[in-house]
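> Sequence:
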Amino acid sequence: MAVLDGARANSMLSYVNHEVRNPLNVIKGMVEYTLLTLEQCALPPELGTCVADLTVASRACDFLEHIVSDILVLQRLEAGALVLNLHPHRVSDIVEDMREAVRHKMEEKKNVVLIIECPTDITAVVDAFGLKQILLNFLSNSMKYTDQGSITVRVTKHDSGEITIGVLDTGSGIPETHQKLIFQAHVQLDADDIGRHGSHGLGLYLVSMLAQRMNWTVGFHSTVGVGSHFWITIPA
Numbered sequence: 001m002a003v004l005d006g007a008r009a010n011s012m013l014s015y016v017n018h019e020v021r022n023p024l025n026v027i028k029g030m031v032e033y034t035l036l037t038l039e040q041c042a043l044p045p046e047l048g049t050c051v052a053d054l055t056v057a058s059r060a061c062d063f064l065e066h067i068v069s070d071i072l073v074l075q076r077l078e079a080g081a082l083v084l085n086l087h088p089h090r091v092s093d094i095v096e097d098m099r100e101a102v103r104h105k106m107e108e109k110k111n112v113v114l115i116i117e118c119p120t121d122i123t124a125v126v127d128a129f130g131l132k133q134i135l136l137n138f139l140s141n142s143m144k145y146t147d148q149g150s151i152t153v154r155v156t157k158h159d160s161g162e163i164t165i166g167v168l169d170t171g172s173g174i175p176e177t178h179q180k181l182i183f184q185a186h187v188q189l190d191a192d193d194i195g196r197h198g199s200h201g202l203g204l205y206l207v208s209m210l211a212q213r214m215n216w217t218v219g220f221h222s223t224v225g226v227g228s229h230f231w232i233t234i235p236a
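Numbering (the working numbering), first residue to last: 1 to 236.
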């Protein structure tokens, strides 16, 4: 049975990678090339909305790419097939990569500022891809529910040698009735979250699975109307 489950998981990974991700990359590449071309031209009035429409299409590709990436990682985790690549990394480098990854989305949040509080001398032995997935999902969650104020990435090294990486926001907060469920799969705050926020309900579930795989601690605190604070703690 275990062999069959592993075979099914590998089959699904192959299908998602080749039948979904590859065509998506082609579409995204064509959209971005067309955008670049149009931005260098003087467009007639009747084509004035093309750039805006293609920008929306590019963002939709980014969202789908994020979903596909989450699904692929979850499949590997649930099949016990995720191989960790543990190496020393400057945490500030990873945080800067995440800043760049969400830059376009943050530019759309006109009333929200992204704040980075990360000393440049903190190094951790981590799987960089896994840490980036966790931070990207924390940031994505904050961006969905924060319409004004700030989102802060805060990195702290404790006297014990532990490193805590947190994402704090001034968003809508999570009702207490939902707080016990948020690390489960396919959980959104409201029934219409997918339509309003583009939520697929896998992000925080993936975070909990990755943290468990890497023996990290994940936690959060949230107050409705005040905001949320999600964090991971990496042991010394």
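If you are wondering where the hints come from, they were derived from the structure by calculation, not from laboratory data. Check the hints yourself; a few may be wrong.
To be verified - Below 30 Å or equal to it, Euclidean Cα-Cα: the simulated DSSO-like pairs (lysine-lysine) are: (1) K132 x K105; (2) K132 x K109; (3) K105 x K157; (4) K132 x K28; (5) K28 x K110.
> Give a verdict on every hint.
How the hints compare with the structure:
1. K132 x K105: 17 Å, holds
2. K132 x K109: Distance ~21 Å between K132 and K109 Cα, so the pair holds.
3. K105 x K157: OK: K105 and K157 at ~29 Å, within 30 Å.
4. K132 x K28: Measuring from Cα to Cα gives roughly 22 Å; hence the hint holds.
5. K28 x K110: Distance ~25 Å between K28 and K110 Cα, so the pair holds.
Checked against the numbered hints above, the structure violates none of them.
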